[in-house]
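K.L.:
Listed below, chain by chain, are the residues.
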Amino acid sequence: MPIVVNLDVMMAKRKISSTELAAAIGITPANLSILKTNKAKAIRFSTLEALCKTLDCKPADILDYTEE
Amino acid sequence: MEWTMDKSLKLSRICVTVFSVMLAALCVTGPWFWKMVLYRESVVWLYMIVTYCSAIPAALVLFCLHRLLKNIAQEDVFCEENVQYLRVMSWCCITAGAVYFLAGFFDWYLFVFCVAAAFVGLMLRVVKNVFAQALVIKAENDYTI
Chain A
33 MPIVVNLDVM MAKRKISSTE LAAAIGITPA NLSILKTNKA KAIRFSTLEA
83 LCKTLDCKPA DILDYTEE
Chain B
33 MEWTMDKSLK LSRICVTVFS VMLAALCVTG PWFWKMVLYR ESVVWLYMIV
83 TYCSAIPAAL VLFCLHRLLK NIAQEDVFCE ENVQYLRVMS WCCITAGAVY
133 FLAGFFDWYL FVFCVAAAFV GLMLRVVKNV FAQALVIKAE NDYTI
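Order-wise, the sequence lines are chains A and B. First residue of the first sequence? That's 33 in this note's numbering, and the numbers climb one at a time after it. First residue of the second sequence? That's 33 in this note's numbering, and the numbers climb one at a time after it.
Don't take each hint at face value.
[Said to hold, decoys possible] Cβ pair distances, simulated, as ranges:
hint : chain 1 : residue 1 : chain 2 : residue 2 : range
1    : B       : Val109    : A       : Ala55     : 26 to 34 angstroms
2    : A       : Gly58     : B       : Ala164    : 30 to 38 angstroms
3    : B       : Val159    : A       : Ile35     : 28 to 36 angstroms
4    : B       : Ala91     : A       : Ala92     : 56 to 64 angstroms
5    : B       : Tyr84     : A       : Thr60     : 52 to 60 angstroms
6    : A       : Pro61     : B       : Ala166    : 25 to 33 angstroms
[Claimed, not checked] Straight-line distance between alpha carbons at most 30 angstroms, and here's what the computed DSS-like set of lysine-lysine pairs gives:
hint : chain 1 : residue 1 : chain 2 : residue 2
7    : A       : Lys68     : B       : Lys170
8    : A       : Lys45     : A       : Lys68
9    : A       : Lys71     : B       : Lys170
[Stated by the list, open to error] Chain A stretches covered by chain B per the calculated footprint, using a threshold of three residues with CB under 8 angstroms from any CB of chain B:
hint : segment
10   : 59-69
11   : 72-86
For the record, the hints were derived by calculation from the structure and aren't laboratory data. All C-beta atoms, glycine included, are put in the ideal place defined by N, C-alpha and C.
Could you put the whole structure together from the sequences, leaning on the hints where they help?
P.N.:
This is the structure:
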């Protein structure tokens, strides 16, 4: 998929662990892992909103588009 | 008495068991059974051949139904395994239909069974297609975070 989730980078910048982030945005660590490893097929606006709010960033900081 | 999903599944499993017993009984008592029910002695051999040829796909269908119901009871409905079972059942019905079609040239009554088996096979094929599509939707839903 040409959409890449750069969650690791943002999490490192904000110095937040996966467990903490999962608890903060209200998803399971397993689902967060799916998101981090680019296995997710889609992301809900509510999840994206929670991520941006918790990580204090914009969607473009998390999502990127690369040519296949 | 309230009718629940569990009771419905149990009834289906009982029906599968009853049909399995009936199939086994027909296979064991075939020679005597057909001599008893058929008016024309000349076609007993034909019905014997048809019975034993269609008993194999019938047994396979009953096995698949048993496994399918077991998976449904375990709340594992939309999985690749169930799609495979439906595919096997569909082909079994079409195979049985082919047996009846060939036998129909010797006794035209069997063409009715041929059409019935082929129609059930077609319906199962459509259900299989629905399950395969549902599997894709489920995977997409599971990976929507």
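K.L.:
I want to verify a distance hint. Is the separation of the beta carbons of A:Gly58 and B:Ala164 within 30 to 38 angstroms?
P.N.:
Holds - the Cβ-Cβ distance for A:Gly58 and B:Ala164, about 33 angstroms, lies within 30 to 38 angstroms.
K.L.:
Would you check the hint for A:Lys45 and A:Lys68, treating anything up to 30 angstroms between C-alpha atoms as holding?
P.N.:
Distance ~15 angstroms between A:Lys45 and A:Lys68 Cα, so the pair holds.
K.L.:
Do the Cβ positions of B:Ala91 and A:Ala92 conform to the proposed distance bound of 56 to 64 angstroms?
P.N.:
holds, 60 angstroms
K.L.:
Assuming the hint says 28 to 36 angstroms, is it satisfied by the Cβ distance from B:Val159 to A:Ile35 or not?
P.N.:
holds, 34 angstroms
K.L.:
Are the Cα positions of A:Lys68 and B:Lys170 separated by 30 angstroms at most?
P.N.:
holds, 20 angstroms
K.L.:
Do at least three Cβ atoms from the segment 72-86 of chain A come closer than 8 angstroms to Cβ atoms of chain B?
P.N.:
holds (count 6)
K.L.:
Can you let me know if the beta-carbon spacing of B:Val109 and A:Ala55 is within 26 to 34 angstroms?
P.N.:
holds, 31 angstroms
K.L.:
Taking the Cβ atom of A:Pro61 and the Cβ atom of B:Ala166, is their distance within the range 25 to 33 angstroms?
P.N.:
Given range 25 to 33 angstroms: holds, Cβ gap about 28 angstroms.
K.L.:
Between A:Lys71 and B:Lys170, does the CA-CA distance stay at or below 30 angstroms?
P.N.:
This hinted pair holds, its Cα atoms lying about 15 angstroms apart.
K.L.:
Residue count check for the segment 59-69 of chain A against chain B: does it reach three with CB-CB under 8 angstroms?
P.N.:
Per the Cβ count (5), the hint holds.
K.L.:
Could you see if the CB distance from B:Tyr84 to A:Thr60 stays within 52 to 60 angstroms?
P.N.:
54 angstroms Cβ-Cβ, so the 52 to 60 angstroms window holds.
This entry satisfies every hint, going by the numbered hints stated previously.
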